[in-house]
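Here the protein sequences line up with chains A and B, keeping their order.
Quick note on this note's numbering: the first sequence kicks off at 311 and runs consecutively.
Quick note on this note's numbering: the second sequence kicks off at 1099 and runs consecutively.
Think of the hints as simulated: they come from the structure by calculation, not from any bench.
Note that the coordinates shown come from a computational prediction; the quantities given were computed from them, not determined experimentally.
Take these hints with a grain of salt, some might be off.
Take a look, some chain B residues computed to stay more than 12 Å from chain A by CB distance [as the list claims (entries may be wrong)]: (1) PHE1195; (2) GLN1274; (3) THR1282; (4) LEU1436; (5) VAL1565.
Dumping the calculated DSS-like pairs for lysine-lysine here, alpha-carbon to alpha-carbon at most 25 Å [as the list claims (entries may be wrong)]: (6) A:LYS457 with A:LYS471; (7) A:LYS389 with B:LYS1372; (8) A:LYS457 with A:LYS317; (9) A:LYS471 with A:LYS544; (10) B:LYS1389 with A:LYS405; (11) A:LYS405 with B:LYS1158; (12) B:LYS1153 with B:LYS1288; (13) B:LYS1293 with A:LYS426; (14) B:LYS1288 with A:LYS425.
Derived CB-CB ranges, DEER-like [claimed, not checked]: (15) B:SER1392 with A:LYS544: 24 to 30 Å; (16) A:ILE652 with B:PRO1564: 47 to 53 Å; (17) B:LYS1389 with A:GLN566: 53 to 59 Å; (18) B:SER1391 with A:GLU493: 36 to 42 Å; (19) A:GLU493 with B:PHE1407: 25 to 31 Å.
From the three backbone atoms N, C-alpha and C, an ideal C-beta is built for every residue, glycine too.
The chain contents come next:
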Amino acid sequence: MKYLSLKNISKVYSDVASQNAWVLDNINLEVAHGDILALLGSSGCGKTTLLRLITGLERLDNGSVFLNGKDITQLPTHKRHFGMMFQDFALFPHKTVFENIAFGLEINKLLSSNKKQVADRVEEVLSLVNLSHTANRYIQDLSGGEKQRIALARTLAPKPKLILLDEPLGSLDRALREELMFELRDILKLLEMTAIFVTHDQTEAFSIADKIAVMDKGKIVQINEGRTLYFKPKNKKVAAFLGFKNLFDTTVDQKQQVKTPFGIIDIQTRAFASGDKVTALIRPESAKMISVKTPTQLGQLLIRGILTSVTFLGGYYQIRIQIDNGEKLYFKFQNQVNLPEINSEIFLVIEKKDIEIIHQ
Amino acid sequence: MGRSRYSISVGKLLIILPLIFMAIFYFFPLFRIIQLSFSEISDWSIPGLKAVFGKTYLLKVFWFTFWQALLSTILSLMLAIPGAYFYSNYNFIGKRFLSIFSMLPFVLPTIVVAIAFQTFIGPDGVFNATIMKIFNLKEPIIEINQSIWFILLAHVFYNYSVIFRIVTAFWSQIRQDVHEAAATLGAGPKKIFFKITLPLLKAPIIASSLLVFTLCFCSFGVILILGGPGYSTIEVEIYHQAVNFFNLPLAAALSLIQILFSFILMALYTGIQKRASFKMDQNLVGICEQKVSSINKKIVLVLFNSLIFLFISCPVLSLIYKSFQSEQGLSLKYYLALFENRNDSLFYVPPMDSIFMSISFALVTLFISLSLGLLTAYGINNQKNRVQYFLDPLFMLPLSTSAVTLGFGIIISLDQPPLNLRMSPLIIPITHSLIALPFVLRSLLPVIRSVPQNLKDAARTMGATPVKAWYLVELPHIARGLIVAAIFAFTISLGEFGATILVARPQTPTISLTIFRFLNQPGNINFGQAMAMSSILLMITAIAFIVLEFNRKKRTGELI
Chain A
311 MKYLSLKNIS KVYSDVASQN AWVLDNINLE VAHGDILALL GSSGCGKTTL LRLITGLERL
371 DNGSVFLNGK DITQLPTHKR HFGMMFQDFA LFPHKTVFEN IAFGLEINKL LSSNKKQVAD
431 RVEEVLSLVN LSHTANRYIQ DLSGGEKQRI ALARTLAPKP KLILLDEPLG SLDRALREEL
491 MFELRDILKL LEMTAIFVTH DQTEAFSIAD KIAVMDKGKI VQINEGRTLY FKPKNKKVAA
551 FLGFKNLFDT TVDQKQQVKT PFGIIDIQTR AFASGDKVTA LIRPESAKMI SVKTPTQLGQ
611 LLIRGILTSV TFLGGYYQIR IQIDNGEKLY FKFQNQVNLP EINSEIFLVI EKKDIEIIHQ
Chain B
1099 MGRSRYSISV GKLLIILPLI FMAIFYFFPL FRIIQLSFSE ISDWSIPGLK AVFGKTYLLK
1159 VFWFTFWQAL LSTILSLMLA IPGAYFYSNY NFIGKRFLSI FSMLPFVLPT IVVAIAFQTF
1219 IGPDGVFNAT IMKIFNLKEP IIEINQSIWF ILLAHVFYNY SVIFRIVTAF WSQIRQDVHE
1279 AAATLGAGPK KIFFKITLPL LKAPIIASSL LVFTLCFCSF GVILILGGPG YSTIEVEIYH
1339 QAVNFFNLPL AAALSLIQIL FSFILMALYT GIQKRASFKM DQNLVGICEQ KVSSINKKIV
1399 LVLFNSLIFL FISCPVLSLI YKSFQSEQGL SLKYYLALFE NRNDSLFYVP PMDSIFMSIS
1459 FALVTLFISL SLGLLTAYGI NNQKNRVQYF LDPLFMLPLS TSAVTLGFGI IISLDQPPLN
1519 LRMSPLIIPI THSLIALPFV LRSLLPVIRS VPQNLKDAAR TMGATPVKAW YLVELPHIAR
1579 GLIVAAIFAF TISLGEFGAT ILVARPQTPT ISLTIFRFLN QPGNINFGQA MAMSSILLMI
1639 TAIAFIVLEF NRKKRTGELI
């Protein structure tokens, strides 16, 4: 039995204004003790609702939540001893940094029998986030990054059994976000916290989480480690969400082959039957440029197209080419490569084995 | 910046005319009050002050002024806080209507409220008549005529919405996630309320209570009409001393006390309100309105809404109903009588003429206060920040000076050359403009400040002259504020009572004064005419109020 497990969770949420009913549809999920799980998905996919169901802030319509094998479905939020970090931090505006962090300790008499204990623990978590000097400040005097760290400190102070983070870095600017991403993971790992966090940013998910659950329309589509997710996306949705652009819909034929605009590919696995609708995924870093039109070797595919744009992105170039049928493809190349002129012909080769065939 | 030296200096000079207006019509009368009260209080030692204010009946007045204001505030709080809870946390049918409707009393003229309450729960009122009919009783069951309850009820009617509106605005700004954060940290619903919600609401609750206390402390019309001779606040006493006993020095001494008290109260109010809005920084605005789920809460909500609805509508409807009832049943008798100048009438003018006179005064007030308001708003806005901090509250001072003191100050100061306005009808709209100016300014200044500079700059770069840029870009932006300001000025002038009763001449009575004179005459026909005129005034004010609500900026923590 895993530390936290969700069984058949469903939620119908009718939004009066738009008449939409968002559904969490039969979610099953397990998280091991000390693991960090990311819920990754576009807005409206139900990831925040799922988080709120776990905290008990939202009632579920069906299913159960187990912690350490105990059914806590009916337990009210304030008795669950979970920590939650909110998107805009939800710090108490009428309290100082110290009072904010002390709140969770003073509420739970078991955690702190006297003022000294409270003060010690507050100091402990404040130094953990490197903000000891801010204890007496009011919330409105903090910067965005400081607020984020204080919110984390407040969540950690009562030693929660599970910590939930709703877009914890969402309201910060890019540079700060990248810095705090690693810090957040370090702290969670140091304290051996079990954590679930919601994000729509794949980089954030890859950097912080041990495992990533990709959600779409109220369902979990795939749960894997970041690496597996990247190299073996389960379907086109997941691939598109991870930022892959070179996706070509096709159908498996009688000979276990698929046709693409650049040639025929044999399917290696038995995962697909003839007639299956599939998508061919070409990773942007998988192509090699060749200078003249040379015959391709066995196991290679030739892509011929017009180079329509070149974007310099620091460590590499991103190029866009247009092939005969009008479709556009995107590739990444090292800076050293000599690219042809814009609007002239370009020839690329790809190893057939680098083309991933996935469900549509 | 891109402005020329010339335009900066003109912009700054705009403030001069409003400053002159304030100097003549506010500060000079204030100075005269102080001067006059010095002739009464020659000895500023404790025994000397005791000799002036230590008389038993005056001590009773002070004590009554204080405790009726305190009790009115507590009662208003008791009604407003549960209301604010429902209206800021839940969504339900009729919410928008009821929250606007509950603001209606605040704009109703004092005299209308006083008569409305008499027609509803007075000895001959609709309530008593109905109960007597149903249970076949000989005596009315509620006899609160000229009792403290009558006054308290009217004060709650007036001021409930003040606390309600301010607290609701703040309460609905508290983000739901702050409560949720407390819940995840282990706080149950009760602890969340007492440790998070209530502390966050402390400032708006205290500020709005202080405001209501000040308003009740300075209450005049309600006490004079509903309280009868038995009850007198400082405000009423100033009026009696000045008008009935012609003891101007004592009236001045009392005015000084009133001014000191209301200044202290208003200073406290502004201080607390500023702190409150500072803490609720704009990024924290979040509205979460769920449906009422538990059946108990639903029942309480329905009861509460019915109570508020009946509390406001019953007196108002009673007034209209009774104004159409004569001894013979349904009739227009009282309305028709308004057109006659009966021979035994003490009035110099037919009652209907006072309506037209009032409307003319209101229009002149509108013109004066809007012109001054625009000059003041731009004048203030064009100054350096440091100067603004000083000028803005300066023009708000008339708000924290009670109506009777304002009127009294004007009649004792502007009665001799070079400026003798005692006989001029202009003195009424000028006094009204002084009272309306703070309201006009508060409606204009925020909208003028909210016009984005880059819009004006864009218009200028596209070749518009400053005047054209103002007309084409800025005016449409501030139009709403102008409408709100105009309605404030118009309705304040129409309903003003406390200052008008002192400054108006007998031949130029306003609607409120005519109604008051009717009330002081015996006989059904006089009371009937008072009701008819009150109904007309009610109608005009209600229409103005509806227009006002449609143009008001939504969800502001400030009342005006």
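Evaluated hints:
1. PHE1195: holds (18 Å)
2. GLN1274: Incorrect as stated: the minimum Cβ-Cβ distance to chain A is 9 Å, not above 12 Å.
3. THR1282: Not fine: 4 Å to the nearest Cβ puts B:THR1282 too close to chain A.
4. LEU1436: holds (50 Å)
5. VAL1565: Fine: 41 Å to the nearest Cβ keeps B:VAL1565 off the interface.
6. A:LYS457 with A:LYS471: holds (23 Å)
7. A:LYS389 with B:LYS1372: It is violated: about 37 Å lies between the C-alpha atoms, which goes past 25 Å.
8. A:LYS457 with A:LYS317: Answer violated: A:LYS457 to A:LYS317 is near 35 Å, above 25 Å.
9. A:LYS471 with A:LYS544: Roughly 32 Å between the alpha carbons, so the hint for A:LYS471 and A:LYS544 is violated.
10. B:LYS1389 with A:LYS405: Violated. B:LYS1389 to A:LYS405 sits at ~30 Å, over the 25 Å cutoff.
11. A:LYS405 with B:LYS1158: Roughly 44 Å between the alpha carbons, so the hint for A:LYS405 and B:LYS1158 is violated.
12. B:LYS1153 with B:LYS1288: Not OK: B:LYS1153 and B:LYS1288 at ~50 Å, beyond 25 Å, violated.
13. B:LYS1293 with A:LYS426: holds (21 Å)
14. B:LYS1288 with A:LYS425: holds (22 Å)
15. B:SER1392 with A:LYS544: 24 to 30 Å: violated (44 Å)
16. A:ILE652 with B:PRO1564: 47 to 53 Å: The hint (47 to 53 Å, Cβ to Cβ) holds, given that A:ILE652 and B:PRO1564 are roughly 49 Å apart.
17. B:LYS1389 with A:GLN566: 53 to 59 Å: Since the Cβ atoms of B:LYS1389 and A:GLN566 sit about 56 Å apart, the hinted range of 53 to 59 Å holds.
18. B:SER1391 with A:GLU493: 36 to 42 Å: Because 41 Å falls inside the window, the suggested range holds.
19. A:GLU493 with B:PHE1407: 25 to 31 Å: violated (56 Å)
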